[in-house]
Amino acid sequence: MKKILFAAAFSLSLTGSAMAAHGPAGCGLGSMLFQGKSGLVFNVLAATFNGSSGNQTFGMSTGTLGCEDAQSAKVSVVSFVEGNKIALSNDISRGQGETLDAYLELIGQKNVDKSVLQKSYPTIFTKEASAEQIHTNILVALNK
Amino acid sequence: MIQSNWGAFIASLFFILQVHASDTFDSQWLKLLRYNNYNSSFESEADSNAFFLTSRGKTDPEGEYQKFIRVMKTPVSGDNHPVCMFPARALKIFQDNKSTKPDFSKCDKLNRYLKATDPKGASLVFASYFIQKPSSAFGHTFLRLHTNRLGNAALLDFAVDFAASVDTQNPIAYGVKGIIGGFKGRFSRMPYFLKIREYADLDSRDVWEYPLNLTNQELLMLTLHLWEMDQAYFDYYYFSENCSYHILRAIEAVTNKDISKDLKFFVLPIDTIHALSKNNVLLSPKRIPSQYSKVKTSLDSLSQENKLTVLEFYHDPFSFNLNIVNDIFLVDAMIDILNYKFAESLLTDSSDAKTIKLRESLLLKRSQMGSSKQPIISTIDSPSSGHFGSYFDMGYSYGDKKSINLTHAFALHQFKHSPKGFSNKFQMTMGEIQLSLLKNTIKFDSFKIFDVMNASTSFFLEFKPSWRFAIGVSRDFSTTNSVEPFALLNSGVSLLADDDYLLNLSFTFRPRFQEASNQFQLPAGVSLISQRNGQSFQIGIEASIYRNFDLSVYEFKLEPYFRKLINRNLEVYIQSSSRRAETQFSSGFTAFY
Numbered sequence: 001m002k003k004i005l006f007a008a009a010f011s012l013s014l015t016g017s018a019m020a021a022h023g024p025a026g027c028g029l030g031s032m033l034f035q036g037k038s039g040l041v042f043n044v045l046a047a048t049f050n051g052s053s054g055n056q057t058f059g060m061s062t063g064t065l066g067c068e069d070a071q072s073a074k075v076s077v078v079s080f081v082e083g084n085k086i087a088l089s090n091d092i093s094r095g096q097g098e099t100l101d102a103y104l105e106l107i108g109q110k111n112v113d114k115s116v117l118q119k120s121y122p123t124i125f126t127k128e129a130s131a132e133q134i135h136t137n138i139l140v141a142l143n144k
Numbered sequence: 001m002i003q004s005n006w007g008a009f010i011a012s013l014f015f016i017l018q019v020h021a022s023d024t025f026d027s028q029w030l031k032l033l034r035y036n037n038y039n040s041s042f043e044s045e046a047d048s049n050a051f052f053l054t055s056r057g058k059t060d061p062e063g064e065y066q067k068f069i070r071v072m073k074t075p076v077s078g079d080n081h082p083v084c085m086f087p088a089r090a091l092k093i094f095q096d097n098k099s100t101k102p103d104f105s106k107c108d109k110l111n112r113y114l115k116a117t118d119p120k121g122a123s124l125v126f127a128s129y130f131i132q133k134p135s136s137a138f139g140h141t142f143l144r145l146h147t148n149r150l151g152n153a154a155l156l157d158f159a160v161d162f163a164a165s166v167d168t169q170n171p172i173a174y175g176v177k178g179i180i181g182g183f184k185g186r187f188s189r190m191p192y193f194l195k196i197r198e199y200a201d202l203d204s205r206d207v208w209e210y211p212l213n214l215t216n217q218e219l220l221m222l223t224l225h226l227w228e229m230d231q232a233y234f235d236y237y238y239f240s241e242n243c244s245y246h247i248l249r250a251i252e253a254v255t256n257k258d259i260s261k262d263l264k265f266f267v268l269p270i271d272t273i274h275a276l277s278k279n280n281v282l283l284s285p286k287r288i289p290s291q292y293s294k295v296k297t298s299l300d301s302l303s304q305e306n307k308l309t310v311l312e313f314y315h316d317p318f319s320f321n322l323n324i325v326n327d328i329f330l331v332d333a334m335i336d337i338l339n340y341k342f343a344e345s346l347l348t349d350s351s352d353a354k355t356i357k358l359r360e361s362l363l364l365k366r367s368q369m370g371s372s373k374q375p376i377i378s379t380i381d382s383p384s385s386g387h388f389g390s391y392f393d394m395g396y397s398y399g400d401k402k403s404i405n406l407t408h409a410f411a412l413h414q415f416k417h418s419p420k421g422f423s424n425k426f427q428m429t430m431g432e433i434q435l436s437l438l439k440n441t442i443k444f445d446s447f448k449i450f451d452v453m454n455a456s457t458s459f460f461l462e463f464k465p466s467w468r469f470a471i472g473v474s475r476d477f478s479t480t481n482s483v484e485p486f487a488l489l490n491s492g493v494s495l496l497a498d499d500d501y502l503l504n505l506s507f508t509f510r511p512r513f514q515e516a517s518n519q520f521q522l523p524a525g526v527s528l529i530s531q532r533n534g535q536s537f538q539i540g541i542e543a544s545i546y547r548n549f550d551l552s553v554y555e556f557k558l559e560p561y562f563r564k565l566i567n568r569n570l571e572v573y574i575q576s577s578s579r580r581a582e583t584q585f586s587s588g589f590t591a592f593y
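Which chain is which? The protein sequence lines are A and B, in order. Residues 1 to 144 in the numbering used here are what the first sequence spells out, letter by letter. Residues 1 to 593 in the numbering used here are what the second sequence spells out, letter by letter.
Okay, chain B solo, but in the shape it has when bound:
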């Protein structure tokens, strides 16, 4: 009796196992519902109950899978049926041979969506670094679905974006909530032109479109899957589960490639592009020039004399006599300049009467001038041709002291680094830590929460001061050689700032707190950066001199450097660093990952 009971039990167990072996979910199911595997248990990143059919759905992929199979056997009555709300899952179950073909005929909303989108392709779009705005300094990614029409005007397509719903005006709450996941992030659809107007025209950021390398099947899956995301929200983490991460995860789900394994814990938009690229999901990109790039292009087509005319116009457009202008390229340049200079008020429909009138007379004049050849937008290196987002630096220092110096930053780019795919005119480092190993001791040298610089001033067109801002702790100018909290505030001009050369001169405040004397000090001075970029090297010098009024002494720092690019993710360097008390020579490498 006992024996037969056991036999039945084992038989039933075997039956269950057998059923599981052929009937269970696979890796794509996990990806579609955003499950992660933690020590053989599962948890979905999605935080909305509506994203699951069962109450334990967030942690139970098998239960969700079986429930969906059962639900697919019930008649599809209308929009609220799971088949209509989660069409990619329905298709997946059908492909797994667990159901008959899903019936979408009663899904009115889904059908309207499908009819309107009907994509013939999709692109990952990267709006490049916008250093003026902290939340966009790392760039942003979203999707463009190329709707299937006779024509191919990109502006009629639509965009799918993942963004946090920010519900506070308080910057501290904004920061804290953003880091601990206090905002809800959602996917949304919008006309693609809005994105172009916002990023390229209003922000003046170059926009890069990377076509996705998808099969028709994957494209359909993507379209259906993005529809499912209407039911989802995710706690938004600025550093990890952010906009770019979720866009990547959606692509990962429909291609069923393990792309996110190539990401680090901190996710930078550019790194998602590198990861997708590595997995052969991206094709070569196309650039949509920013408003500023357009101005640059139209200036390039002008004679020196006309350039000066444009300059005059830029500085005082309202008293400029338009009657003297007869050159079509000149008028084109003036229109571009007006659009650039007054971008915000023009695009927000808040221009004053004077601006509107000037623009109208300029456009009217242009309309009577016939056609001109559109200037050719010059090609520049795409963001994905540059280095990866985080870096590690190791160098050996010799001179007054011998030490091994280690630096690590989770993001992103220093002006000293190779400008390919970036620029030598901006710097955005966050979380940079420096240690040095002296014989048997490890010394903590500095931690910069961030060090941001924008030196991209166009001296020809306008005077916009450059700026730099950093905050952290450092023993840089310490008189007691201890680590002191400091900030750096700097503003000046870039006398030259093109792709080959940067020459920046600025006034600098470097407030710090000296622990030993319990004293707050405010040294002030001037800083100079001069850097020449070759094809595969950067040579430059960084110099600062400060007057420390509290101690009535001068402090200075002189750092010439030479960096050679080995490949896009590896640079070697030699540099020296002189301060009042010491001179150090060092050589080493910077590796990006």
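Bound-form chain A, shown alone:
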């Protein structure tokens, strides 16, 4: 019994000690993989007994994988929309926000009237619109 308890203690201490060792990250596939994060209460236990080391990864459905240029980590507009869809839709519905500002800077339209985009929300975020469609819809709304 004692042995078992110690073995458990040891293995738990090891999993508990893993400091910021997440999966490979960078340009290419790795950079777009977040780890599966569940707010599970006994994540410590779960991590031990499920044999999960935090690698339930997911990819984003962009063909470009975030970095058009592996050397520079430069981001294309479509990738930006893809990776920031939730925050961008929040911001456009409110007519303000950091993600919207970043997007407008990226497309070189920093000084547009953001309330125009806010009012056009229904035509921008159409049902199941892809990142590319959202981007196009924004440009259309801006050029009206």
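Just so you know, these hints were derived from the structure itself, not from any lab. Cβ coordinates follow ideal geometry from the N, Cα and C atoms, glycine included. It cannot be assumed that every hint is accurate.
Said to hold, decoys possible - So these bits of chain A aren't anywhere near chain B, every CB distance computed over 10 Å:
(1) 78
(2) 89
(3) 90
(4) 112
(5) 132
(6) 136
(7) 142
What the hints assert, rightly or not - Computed, partial: chain A to chain B, Cβ under 8 Å:
(8) 93
(9) 94
(10) 101
(11) 105
(12) 111
(13) 118
(14) 141
(15) 144
Given the coordinates of chain A, assemble chain B onto it according to the supplied hints.
Just chain B now, with coordinates in the frame of chain A:
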């Protein structure tokens, strides 16, 4: 003849020495190639051959230096030339006056990188403690390079991260390999927004940006040096040579300040921030609020009535009638709540149709409501305003027995400690050892491998149970007064958990193995923590009562305490500790270092 030979020999020796005196590497060269000095021999921390030009490079800084000088005399033909692969070294040699200006014109890849980054500044970024996930419980640091553009949208910048490539799903292998350096750690670049979405939105962790206090020269050096790190990998050690350590080492190399001397063997992310701070490398930080912090802020701007509406919405968003809502702040709060509650599925594009539809109608409604003032995010103490990562505790115990008690833990924070820069709602102690000195004997009292608690339940918004988990050896409830292996599993609720007050009630199992009777016991009971935090003090009580079914007895522990903050790294305390057999009073201090 003999004499002249000796003369020539001495002359040549002198020549060599002279050459060395003016021609050798200096401390920055050692830092750029990560050499450490061990009793007058050198070894680099980098473990990839590609990081060196010579086969003995890992242990030969002089050979690398001379080789690089020679290589700089050869024409730079393209990306694979050392000048293109190690531009910071080339610049260093140029600054040492050992070469003409390096010619980067044929380095296509490097030039594309430089063009894309062209930084006007850099920040050290700290993603704060994430107690739910063991690998992130201590926090994480990485770099943000502020690219030089007309605008200043941080989300368009890019991040440089150091992380281990984990190649196993087996938790035991994961732990063992992590401790003995079995994973390869590498630097990588990625869009900064990914980091923000991951830490602030998905994990709901506050993110702190500390701008680096660098000269233009140092900033250029940093940019070039990070490029060099593409050629390097390092055996990854969770406790010592980890992500935060390597980020610090990169900053150290370009500033040429001896910053790592201020680190201990075990490197905690927060301690790297303290070390950089001490060496004047960091400016005052800015907080990027987590998704949860956003919810909190938007709730604060609501009337009591609207708060209740939000609560109703939170618990059953799908049958909520949106038509009755006309308040712009209320809608904003509901959007934030939806983003928080469904963060994972929304960010992973895996939401069900119901959630998507609800969110769409909410955003659509919001888009027709015009503008509102963005709520002001409240200021909170930065992580660097708190105590250091390790602690040492010394106290004198009087009562039934008199003893001097010594405690040491290499990490990090107890809920009893001052919450400034931390929180009273979590605890993360690792490797805590307790000894007591009685007259002439030293007694080993306990060793906790870890003792982790998360009591940050928000009772208003949702019911998320608190939990605590500890494992180690202790004589705490020993009937024979011997040290016994134990574990502690506890789950309950925090009835109150704000910055000033913590009231936590939980069910507790405390399995242990009693050596004397060779018996496994499973006492179960309830625990209570009640703590009030003042400006510079904490007063509280910790109480537990267990039923030991195997022995058919009750066990209890009652510990009131008062702690006073002297400065951020020193607290003094008085406390008493009562158990079935004894009551002890003690007073002492906790020093963080």
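Comparing the hints with the structure gives:
1. 78: holds (13 Å)
2. 89: violated (6 Å)
3. 90: At about 6 Å from chain B, residue 90/A fails to clear the 10 Å cut-off, so the statement is violated.
4. 112: holds (13 Å)
5. 132: Per Cβ check, residue 132/A is outside 10 Å of chain B; nearest 15 Å; holds.
6. 136: Its Cβ never comes within 10 Å of chain B, the nearest being 18 Å, so this holds.
7. 142: holds (15 Å)
8. 93: holds (4 Å)
9. 94: Hint on residue 94/A: holds, closest Cβ of chain B at ~6 Å, below 8 Å.
10. 101: holds (5 Å)
11. 105: Holds, about 4 Å.
12. 111: violated (10 Å)
13. 118: holds (5 Å)
14. 141: violated (12 Å)
15. 144: violated (16 Å)
In summary, the structure is inconsistent with hints 2, 3, 12, 14 and 15 from the numbered list given earlier, while agreeing with the others.
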